[in-house]
Amino acid sequence: MAAAADGARSPQRPAPARRRAGRPSVRVLSRRLIIETGLRLIDERGADGAGMRAIAAELGVRPSALYNHVAGRAELIAGVRELLSDRIPTGVFEHEPWDEALAEWAHHYRDAFAAHPSTVALLAVLPLAEESATTRMYEAVIAAMLRAGWPRDRALTALVALESFILGSALDLAAADDMLDPGPRTDVPAFAVAYEARRAALAAAGQRPADAAFELGLRALLAGLRAELAAVREEAGSGPVRPSAPNTP
2 MAAAADGARS PQRPAPARRR AGRPSVRVLS RRLIIETGLR LIDERGADGA
52 GMRAIAAELG VRPSALYNHV AGRAELIAGV RELLSDRIPT GVFEHEPWDE
102 ALAEWAHHYR DAFAAHPSTV ALLAVLPLAE ESATTRMYEA VIAAMLRAGW
152 PRDRALTALV ALESFILGSA LDLAAADDML DPGPRTDVPA FAVAYEARRA
202 ALAAAGQRPA DAAFELGLRA LLAGLRAELA AVREEAGSGP VRPSAPNTP
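In the numbering used here, the protein residues as written are 2 to 250.
Please keep in mind that the hints were generated in silico from the structure rather than gathered at the bench.
Each residue gets a CB set at the ideal place from its N, CA and C atoms; glycine is no exception.
Warning: the hint list may mix true and false statements.
[Said to hold, decoys possible] Pairwise CB distance ranges (calculated): (1) A204 / E76: 43 to 49 Å; (2) A116 / R74: 32 to 38 Å; (3) T158 / G238: 35 to 41 Å; (4) V29 / E235: 34 to 40 Å; (5) L123 / A204: 30 to 36 Å; (6) A221 / P128: 28 to 34 Å; (7) R153 / A191: 42 to 48 Å; (8) D188 / P128: 41 to 47 Å; (9) A66 / A202: 29 to 35 Å; (10) R32 / R153: 32 to 38 Å.
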């Protein structure tokens, strides 16, 4: 009986795998991870595809887990703006004349948003959040303009005018180079000739249309702002405009 029982015995189950010491190798949920994931989904799916449920699914957690770090979609979008603002350096305003600093800042600003064009329309109309890093960026720019003699009631208006141009240029950089090609049409001869002349000139220079437009527009805007400041100073009787002096320790 014992032998028969032994013959009918089922095969032994393998011993359970020994658990490795330490915590499981999973990403630790954090506010920054949630916001970075939100930005990536905005890039991939557009603003409507980056809700809290979509982010939770991407991270493999329940939506409720996100609310321990981010209060909701409004805070998420504000966080995306902070993430981009952190990529726009402002140290140049501490040691360069205001107009030269604005030119360098404009290039960084355009690059930051051109890398994420779907955020432009989303963030351009978003009010600033409390304790915003974007507000500190604006502080650095405006402080430099005030040191250069810009009136307090005009400095921010000038900055917004420049910022509007930068954001439009960021979108332009994401567009196809031949977006304005008139094709074989014969009813727009002036436009067609101008398009072909630009195409040939930019090809010879190895430059993209969006870059050429940005550089020309930036030069024109800064020239206009210098003229505006010169007129303001002349009205105030303070003499010609001089470059802002670097900060001293």
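Results for each hint:
no., hint, result
1, A204 / E76: 43 to 49 Å, "holds, 46 Å"
2, A116 / R74: 32 to 38 Å, "violated, 22 Å"
3, T158 / G238: 35 to 41 Å, "violated, 22 Å"
4, V29 / E235: 34 to 40 Å, "violated, 59 Å"
5, L123 / A204: 30 to 36 Å, "holds, 34 Å"
6, A221 / P128: 28 to 34 Å, "holds, 30 Å"
7, R153 / A191: 42 to 48 Å, "holds, 44 Å"
8, D188 / P128: 41 to 47 Å, "holds, 45 Å"
9, A66 / A202: 29 to 35 Å, "violated, 55 Å"
10, R32 / R153: 32 to 38 Å, "holds, 35 Å"
In this structure, the earlier hints numbered 2, 3, 4, 9 are contradicted, and the remaining ones agree with it.
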